[in-house]
Amino acid sequence: MSTFFTIAVIVLVFLIIFQIAKASEYVAVLKGEEKSRKENNKVNGFFMITFLIIGLIGVYWCNELFFGKTLLAHDSASVQGEKVDSMLKLTVIITGIVFVLTQVALFWFAYRFQEKENAKPFFFPHNNTMEIIWTVIPAIALTFLVVIGLRNWFSFTSEAPANAIQVEVTGQQFGWIFRYAGKDKTFGKKYYKYIDGTNSLGLLWKDSAGLNLKDDPAAHDDIVTTQTMYAVKGRPCKLIIGSKDVIHDVGLSAFRLKMDAVPGTPTTLWFTPKYTTKEMKEIMGNPDYDYEISCDQMCGNGHFGMRGVIKVVSQPEYDVWLAGLSSAYSAAFPAPSTTTPAVAADSTKKMAAVIAKAVKGALAKQ
Amino acid sequence: MSNEAVLQTSVEGAVAHGVHHEDEHHEHHHHDTFISKYVFSMDHKMIAKQFLITGMVWAVLGGLMSVLFRLQLGYPDSHFTFLEDILGKFWVQDGKITPQAYYALVTTHGTVLVFFVLTAGLSGTFANFLIPLQVGARDMASPFMNMLSYWFFFLASVIMLSSIFVETGPFSGGWTAYPPLSALRGASPGSGTGMDLWIIAMALFVVSSLLGGLNYIATILNMRTKGMSMTRLPLTIWALFFTAVLGVLSFPVLLSGFILLIFDRNFGTSFYLSDIFVQGSGANTGILPNEGGNAILFQHLFWFLGHPEVYIILLPAMGMVSEILSVNSRKPIFGYMAMVGSLFAIAILAFLVWAHHMFVTGLNPFLGSIFVLLTLLIAVPSAIKVFNWLTTLWRGNIRFTPAMMFAIGFVSLFISGGLTGIWLGNSALDIHLHDTYFVIAHFHIVMGVASMFGMFAGIYHWYPKMYGRYLNNTLGYMHFWITMIGAYLIFWPMHYEGLAGMPRRYYDYSIWESFKQFGGLNQFISTVALIVFATQILFLFNFFYSIWKGRKVTSKNPYNSNTLEWTTPINPGHGNWVGEIPEVHRWAYDYAKDGKEFVPQNVPIDPNESHHH
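Respectively, the protein sequence lines represent chains A and B. When you line the first sequence up against the working numbering, it's residues 307 to 672, in that order. When you line the second sequence up against the working numbering, it's residues 11 to 623, in that order.
Among the clues, some could well be false.
[As the list claims (entries may be wrong)] Cβ pair distances, simulated, as ranges:
#1 A:I443 with B:L550: 52 to 62 Å
#2 A:D490 with B:G530: 49 to 59 Å
#3 B:G530 with A:T574: 45 to 55 Å
#4 A:I313 with B:K562: 30 to 40 Å
#5 B:F354 with A:I439: 12 to 22 Å
#6 B:E301 with A:D502: 41 to 51 Å
#7 A:S514 with B:G530: 26 to 36 Å
#8 B:D87 with A:W414: 36 to 46 Å
#9 A:D490 with B:F354: 56 to 66 Å
#10 A:A314 with B:Q289: 41 to 51 Å
#11 B:E301 with A:V442: 49 to 59 Å
Source of the hints: derived by calculation from the structure; they are not laboratory data. The beta-carbon is built from N, C-alpha and C at its ideal position, and this holds for glycine as well.
Next comes chain A alone, as it looks inside the complex (with noise of 0.2 Å):
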């Protein structure tokens, strides 16, 4: 009943609307359309100039309402991110005076210069200096934002140092896969073709005539956990980025970087943590804060739950949980001797139930 009675307001102001506007080209005709003309005209001048100042306070107000919830009222959480930020910093304010500048000066404009009796319009087709000038000066505004832009990005995208943690980090519908290189320091080599229900990643943890391919020993010992990643503050951690299946994007807002992960073709990435997960958690004043890694490229339907994480610990906290984990190879076919590693299939079923929540259900292929 509610709805129909929305529906029969909404349409009743629409006929009042047309209504009232069909009247007013009555009485414009009566009045004089010439006449009438130039009253709305008058109207709309003030309605300019109206605009322009509640729209600038408008735009000071959006500022103090929600520049507090974005990332730029902290503290970047990468040596990078830094960069970023000030560079933003500086953007912000050049085009922030050509903005206020030129939206003053339209609008001031069309409010000053609108049809008055009498009034001569200026003949003024053209001025090669006033059009030098114009061309000029942002010419150099932006030799100024590329030459600074350019040396950011040669720095974010140089060489990761030597002492970096190497993460390899592998997206898939709809979650994410992290390898270490374990003990040998050296990631196996890995084939697509030899993914199965065990070997997530397709590690060559064995022979294979038909597709001519041998067991990589230094495959054996590498780690692979799903859904959390590990870093260490103040070490740069490089990550080198893949997909299974299509184009994802690992989007680590908090160290304001992303990069995709295209199938095929490996790219890389990498970042100096500042502050670990912990202090991070103070900094937002929120306890349940997590550097979140998000699929920022759309991947298909559960594109917005395929959330990872980044724990940023201490180096000595690192070596712990390094040393806690076994290899991918171990969890697969583990010896009757040891104990069984828990941590990889344990994270599997977190992020498992992550995504269902996340997907709540509606997600199943028809």
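With chain A held as given, fit chain B onto it using these hints.
Frame of chain A, contents of chain B only:
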């Protein structure tokens, strides 16, 4: 002197002669059937109206889709059970839009608005309508090709529409259709039949666009009336010319990308596919045989059109805005040659910046740096245009017609959205802001809403020429102010969501510690979007009501404008001018010159006239 006087008399004679015989002229065409006049018409003016109305239908559908997915974003916890009755179980379950339906809506909204509304609806309408009228031609170079252009578009529309009704849903991988998601049926239900139909519709759309574009170029280059040199063309025509050139050179690349995609989808090739394992069961799942392809190749082919496409959308709006600002300021456009030059510069640079959409694909950083440089370079001609528009307003005598309001609104939005382009074009910032709401705010303001404003400006300004009647002004002003305020209320705060890193194309943000703080804002944005959408219904009503009931146009040149379309009869027939086509003696912007309010292009130069360039 005497020579010109004779010419003037003959032109005036011809016009008078034409007016006199107008009725006879109409009778001459009385054998037009309904089909040849309204359906398979070869009159550029009718084809323009066909493009416009089809575009409007799509705009309503596309807008409605955005309202639906904004409902999910704004009210993720509410249950709209009545939607289930209207849309059915596939789209709405338990009163909530399903994730798949959400992604299908987002994808179709993007595709439809970019291609069907702002390409076909905008340049299809105004290139068709204005080119022959403003260059002084009786019709397009090939009226038949022009008709085909519309009907290919119509066919594309029908197929796109039908994809909404297939069992597995329409394509739902985003309007950019990146493979492997778009290539693999197993990766998403929408990548099945829905994608087949999407890609066929898009291929037909490219055909339509090419047929139209070639025609526009041929007409502008070859069919200008006597005296209409290129430098006397109104800026609308220059803008439409560059638009057509961009389309003709870049759409074939998109089509080639689509053809390779069709091969990958259907014929087992591996242009875009390599090393893929898809979980699930059914077609294209498990270990796929494809190796050696590169998914990024598609992005290069796509954005080689995709970026010029932004200017295909924007340039016609810029052209019309230049014209409308000048006419209603009663003042020449400032820096005509600089305006043409900056259009040219934008058209060239449009082809050289495509990879700025791909900074985070793992692109070679050096290549990325070149694209940063070229991308920020495009801000220079854009800045020139803005400053020239501002100077055009300066010391004018401004008449706020609804068209003029939308033109001013366009400039405001173009500034706001253009400036954030400087942020995103800088790769070191893009690496942070890429694929966040900042991007959504940027391109909706600068390309979506601004071009929509250009389109509205064009409709309000040339409606009297299209239908011989006026739109209702009061509704026009309401339409402008609500849309203008609404557009800023919707998109301005989105910048802040982007600065928090909030990713686009998310169905629900509630599980994210980093992004869930914007629930209230999302609700506000959705509410405003609903109001703005309702206001567009008001415009539609105004449009269709006024075709039959609007105030009649009583003079040939209601705006005291200089361009040639206002020398035609109030309701021009096929062929536009009765009698001879007027000869052109001057540029289109002699407003306020030598104390005269306006001097139309077909008025010969007076020997006592001052010379300006």
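- What are the numbers of the hints that this structure violates, sorted from low to high? 1, 3, 6, 7
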